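Number of protein chains: 4
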Amino acid sequence: MSSEQGIKLESYVRVINYYETDQMQVVHHSNYARYLEEARLHMMDQMGLGYDKLEEMGIIIPVLELHDYYTKSITFGDVIEIKPIVIKLSPVRFTLKYKIFRSGTDELLHTAQTSHAFVDTEFKPMNLKKSFPEVYEKLSQIVVEQ
Amino acid sequence: MSSEQGIKLESYVRVINYYETDQMQVVHHSNYARYLEEARLHMMDQMGLGYDKLEEMGIIIPVLELHDYYTKSITFGDVIEIKPIVIKLSPVRFTLKYKIFRSGTDELLHTAQTSHAFVDTEFKPMNLKKSFPEVYEKLSQIVVEQ
Amino acid sequence: MSSEQGIKLESYVRVINYYETDQMQVVHHSNYARYLEEARLHMMDQMGLGYDKLEEMGIIIPVLELHDYYTKSITFGDVIEIKPIVIKLSPVRFTLKYKIFRSGTDELLHTAQTSHAFVDTEFKPMNLKKSFPEVYEKLSQIVVEQ
Amino acid sequence: MSSEQGIKLESYVRVINYYETDQMQVVHHSNYARYLEEARLHMMDQMGLGYDKLEEMGIIIPVLELHDYYTKSITFGDVIEIKPIVIKLSPVRFTLKYKIFRSGTDELLHTAQTSHAFVDTEFKPMNLKKSFPEVYEKLSQIVVEQ
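Chains as they are written, first to last, in the working numbering: chain A, 1 to 146; chain B, 1 to 146; chain C, 1 to 146; chain D, 1 to 146.
Hints in this document: simulated from the structure, not taken from any laboratory. Hints may be right or wrong, so weigh each one.
One copy or two, it doesn't matter: identical chains are merged, so the pair holds either way.
[To be verified] Mimicking DSBU-like on lysine-lysine, the simulated pairs with C-alpha atoms at most 35 Å apart in a straight line are:
no., residue 1, residue 2
1, K83, K124
2, K72, K130
3, K129, K72
What you are looking at is a predicted structure, and each value in this text was computed from that prediction instead of being measured.
Input sequences plus hints: build the corresponding full structure.
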C-alpha cells in the first residue's frame, strides 16, 4: 500500500478470534468497527503519529461517522488484511476509507469509511493545521484523492 | 412511537454499562451497533417477530450496511432511549433508521441506519413476500415513508 | 435478598443479548464477568454507594480476583437473576459471592466470586475504615458470614 | 516454553487494543478471559489440535471454571506474552494454568487457571481417552505436574 507521494504504509493483518463470532457462526457485525480502529491506529503509528504521541500533544481524534458495508461474512480463524487510506483532510476533520480482504488474496470482504474530528483533551474542536502544522503536513502527504 | 397505521411500538430504554466505556471516558463507538441491535430485536419482538420465532421459520436477517452518526458522546450510567423506524421495505431487503435520545428528554445523541437482507438458514437470499407473506405484511404496516 | 441486619437489596435481572452469544450458540464465557459487574454496581447503587458517588469521594474498587463456575450454559433471550452478597470485608479489601439463577426460578446457572481492593484515584491502597468510616460501616452491615 | 517430554510450544504474544480499555484507563478485567482463550487455542493449534480439527472430530471443550488473579494492570499498547501449561488431565476434563508477562521481560502481570470438559457436539460428556485416544495421548505429553 502506498500513497502517491511514495510513503509506504503496510496494510494491517489479523486473525479472527473465537469470541468474535456469534450464534450465526460468523463474526458479529459490531466487531468490524474494532478491526477498523486497529488498522487506523496501526497506520497512524507507522507515520510516527502513534496514539500515545498524539495524546502527549493533546490531540484526540474521536469518530464522527462510521459506515460499514458487509460484503461477505468472515468466520473464526480467518485471516484478514485491512487497507486504510485517507481520502479527505481539512484543518478540523479527516476521513478514511477501508477495504478488508481475505489475507493474501484479492477477495474483498468488507468496505468501510470513518470520519473523525480533531479535538483537544477537553473535546473542544481544534484547528489541526494551525495548532500542529507538522502533524497536518504529515497527514496531507498520504491523502489519496478519490 | 407509532406508525401511520396505528401500531404502537414502544421505544427501547437501557442504561450504559461501565465496561462499555473506553479510556476516553465515554462509550466506545463500537458499542452503538450493539445498542441498535438490541432496539431492533426489541421492536421485532413487539410485532410478534421475535428472533426465536423467525429462526423457527428459517428467516435470518443479517446486516448489510451500518451507518452511525455520533452527535454527542455518552458515558457510564447514562440512560438512553432508542427509537427505530422502518423506512424502506422490499421483498428481499429492509432498512431502519434510529434516533438515540437521552431518556426522557429530546436531547438527540446519535442517529443511525441499518440495512438488512432476508436470507434462509443457509444464507441464501429469500423473497420474503413470497415465502412468508404474513411476515412481509406485518413489516409493511410499520414502514414510515421518509 | 436481605442481609441479617435487615437491609433489603434487590437482585439484578437482565436479558441475554444476541451479540453475547458465540458460535457454540451459547453466551461466551467472558461475558459473565460483565454481568457480575452490572450486578455489583447495581447493589452498591442501592446502598447509596453508586459508582459516581464513590468516584467523587476518590474511591476506586478494582478487581483483584475473579472466579467463575459455569454450571449451565445460557442462551440469547434468557432472563437471568443475579444475587450478589458480600462475604468478607476488611479495611483494605472485600469479597463478593454471586449466584445466577434463571429468573423467577431456583434453577442455578452459575456461581462466582470476586475480590476487590480499595484504592485511591492514583491506584494507591486505601484503608477504607480510616479514610471513609461511613462507607466502611455501610458495607459492614451487609456482610453475610459464610 | 516446553514440556518435560521435549515438545516445544511457543508462547502467545499480542498487543492490547484501544477498545479493550475502560474509563479507569486500563484493560477492562473481562478481557483477560479472551486473551487466555486466544493463548489456549494457539497452543492447541501448535499441537495439531486446532479448533477446526477438533470440531471436525466432534470434540467441544467448554470452560467449566475460570480463575483470574490480577497482579498488575495493563494498558493500551502494552505487549503481553502468555504462557499456558496443562497441569491436569483426566479422560473427561483438563486444567490449564497461565502466566501473563510483559513481553520480553519477566515482569509478571497476571496469573490464571481454566478447567474444561470434553463434550460432544450435543454437549454430552465424552471420555476423550476412549473416544479419541490419539488426542488424549497428545495432550498427556504436555502435562506439567505441579
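A quick look at each hint next to the structure:
no.: 1; hint: K83 <-> K124; in the structure: both (30 Å within a copy, 29 Å between copies)
no.: 2; hint: K72 <-> K130; in the structure: between (42 Å within a copy, 25 Å between copies)
no.: 3; hint: K129 <-> K72; in the structure: between (39 Å within a copy, 24 Å between copies)
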